[in-house]
Every structure is written in structure tokens, then in C-alpha cells.
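Novice: Build the full structure now, drawing on both the sequences and the hints.
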Amino acid sequence: DTGVSQDPRHKITKRGQNVTFRCDPISEHNRLYWYRQTLGQGPEFLTYFQNEAQLEKSRLLSDRFSAERPKGSFSTLEIQRTEQGDSAMYLCASGGEPPGRLFFGSGTQLSVL
Amino acid sequence: AQTVTQSQPEMSVQEAETVTLSCTYDTSESDYYLFWYKQPPSRQMILVIRQEAYKQQNATENRFSVNFQKAAKSFSLKISDSQLGDAAMYFCAIQGGSEKLVFGKGTKLTVNP
Chain A
1 DTGVSQDPRH
11 KITKRGQNVT
21 FRCDPISEHN
31 RLYWYRQTLG
41 QGPEFLTYFQ
51 NEAQLEKSRL
61 LSDRFSAERP
71 KGSFSTLEIQ
81 RTEQGDSAMY
91 LCASGGEPPG
101 RLFFGSGTQL
111 SVL
Chain B
1001 AQTVTQSQPE
1011 MSVQEAETVT
1021 LSCTYDTSES
1031 DYYLFWYKQP
1041 PSRQMILVIR
1051 QEAYKQQNAT
1061 ENRFSVNFQK
1071 AAKSFSLKIS
1081 DSQLGDAAMY
1091 FCAIQGGSEK
1101 LVFGKGTKLT
1111 VNP
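Same order as they appear, the protein sequences are chains A and B.
Quick note: the first sequence uses the numbering used here, first residue 1, plus one each step.
Quick note: the second sequence uses the numbering used here, first residue 1001, plus one each step.
Derived from the structure by calculation, the hints contain no laboratory data.
A few of these clues could be false.
Mimicking DSS-like on lysine-lysine, the simulated pairs with C-alpha atoms at most 25 Å apart in a straight line are [unchecked claim]: (1) B:K1100 / A:K57; (2) B:K1070 / B:K1055; (3) B:K1073 / B:K1108; (4) B:K1100 / A:K71; (5) B:K1070 / B:K1100; (6) B:K1108 / B:K1078; (7) B:K1073 / B:K1105; (8) B:K1105 / A:K57; (9) A:K71 / A:K57.
Far from chain A, some chain B residues (derived; all Cβ distances over 12 Å) [as the list claims (entries may be wrong)]: (10) S1030; (11) Y1037; (12) Q1039; (13) S1042; (14) R1063; (15) S1065; (16) K1073.
Derived list of chain B stretches under chain A, where covered just means 3 residues or more per stretch with a C-beta under 8 Å from a C-beta of chain A [to be verified]: (17) 1011-1023; (18) 1089-1098; (19) 1102-1111.
Please read these numbers as outputs of a predicted model, since none were measured by experiment.
Note that the Cβ used here is the ideal one computed from N, Cα and C, for glycine as well.
Specialist: Here you go:
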């Protein structure tokens, strides 16, 4: 169990640019989640994968956001045409059993200038 | 829709004392789980304690225990013998009907030496 790792830890980009984040979950976990956290708020759910299938998406996940989990291993979250409102911490978590016991990564802090 | 309310933005406690963090929730699901997660300055969310709604017995994990009042939709966290390492943001969360966890806005706990 090496934990959930996220890359990069920080990303600064200009408005309109595309960014991609990577998450490597705990290897034996089949569930993978993306959350977004802004200052002073709790994490907000974005999307959920069971193995390689994206089974649940939040309405927060606009068409500029896309997430993939090829082969049910690592996952990527891409944001196209970034806006200042996208500035936030993007958290990845993975889970096995029991339900709800999630292991979080340290997050990617995105700043859109 | 499920909601979680944490009415205490900040709390403080003296080292070795006991503190209780409040959480209320709302859900239409009959089967759900409740959680307390801790987020230290390092940013990594860590599960503190988990409660299955169908269990009447309150969950306990070492110095951490909950007071689960199902009829009142209340789920408070008690930390006994507080330690400096307990200082963090604490988030209450609910999961029911889907894989999504819904978090409250958090309570910042300060532990004074």
C-alpha cells in the first residue's frame, strides 16, 4: 500500500489553456473518485469510476472537464479552456471495502491566472 | 439531495481535554453511511471514523467516538485526550444511494498546549 499519488502537486496556468492531472490509486482498489475543493469548503464530488467504467458524474462536471481511467488503473482529469473559476484543489481518492472508506491523495492545487 | 451541516467553523481545545464537533445531516435514503474525515495542513484527507446508519451502536476508534442520533439526524464526533496532532480541519460526510460522498464545510480544530 503505497497510497494514492497525484501529479502535479501544483499547477499554474493561464486562462484558456488546457491542463491535465494524473492520479495513481492504490493498486488493489477498483473504485476511483475525483473531488474538487475550494477554500473554506468541503470536497465536492466530480466523478466516480469502477474499474475503467465511469459510472457517475456530477453536474459540476461541465463539458470542459473530462476524466478517463484506461485499463482501470491510473486516471486523468483534463480541463479544457480553463477559467478563473476552475481554481481549486483537485482531489483523487480510491476505495475498496468497506464502502465509503476512501484513501485520498494530497491533491493538485490549480491556479488559473 | 443529501446535505451535511457543520455549524462550528472553528473550535479549540486544551491538550488532554475532550472536545465535541457537531454535525447534522439530511437524507431521504433509508440506508446510508456517515463519516468523519480529518484534513491536516498537509492536505491529505484521512478517515477518522465510520458509522453505518442501520447500526444503533455508536462507532469508536481509540480516542475518537461518535454520538449518532438517527431520529435527530445528528452525528457528532468526540475526541478524548486531545493531542497536538489532532489539530486539523474535520469534515462530516454522508454516503447513501450512490457512490458519492457529500461533505460539510468543515470545522477547524485548534489544540492548545
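Novice: Does each hint hold? Answer for all of them.
Specialist: How the hints compare with the structure:
no., hint, in the structure
1, B:K1100 / A:K57, "holds (9 Å)"
2, B:K1070 / B:K1055, "holds (10 Å)"
3, B:K1073 / B:K1108, "holds (22 Å)"
4, B:K1100 / A:K71, "holds (22 Å)"
5, B:K1070 / B:K1100, "holds (20 Å)"
6, B:K1108 / B:K1078, "holds (14 Å)"
7, B:K1073 / B:K1105, "holds (17 Å)"
8, B:K1105 / A:K57, "holds (21 Å)"
9, A:K71 / A:K57, "holds (19 Å)"
10, S1030, "holds (15 Å)"
11, Y1037, "violated (8 Å)"
12, Q1039, "violated (8 Å)"
13, S1042, "violated (7 Å)"
14, R1063, "holds (19 Å)"
15, S1065, "holds (18 Å)"
16, K1073, "holds (17 Å)"
17, 1011-1023, "violated (count 0)"
18, 1089-1098, "holds (count 4)"
19, 1102-1111, "holds (count 5)"
Hint compliance for this structure: hints 11, 12, 13 and 17 are broken, all remaining hints hold.
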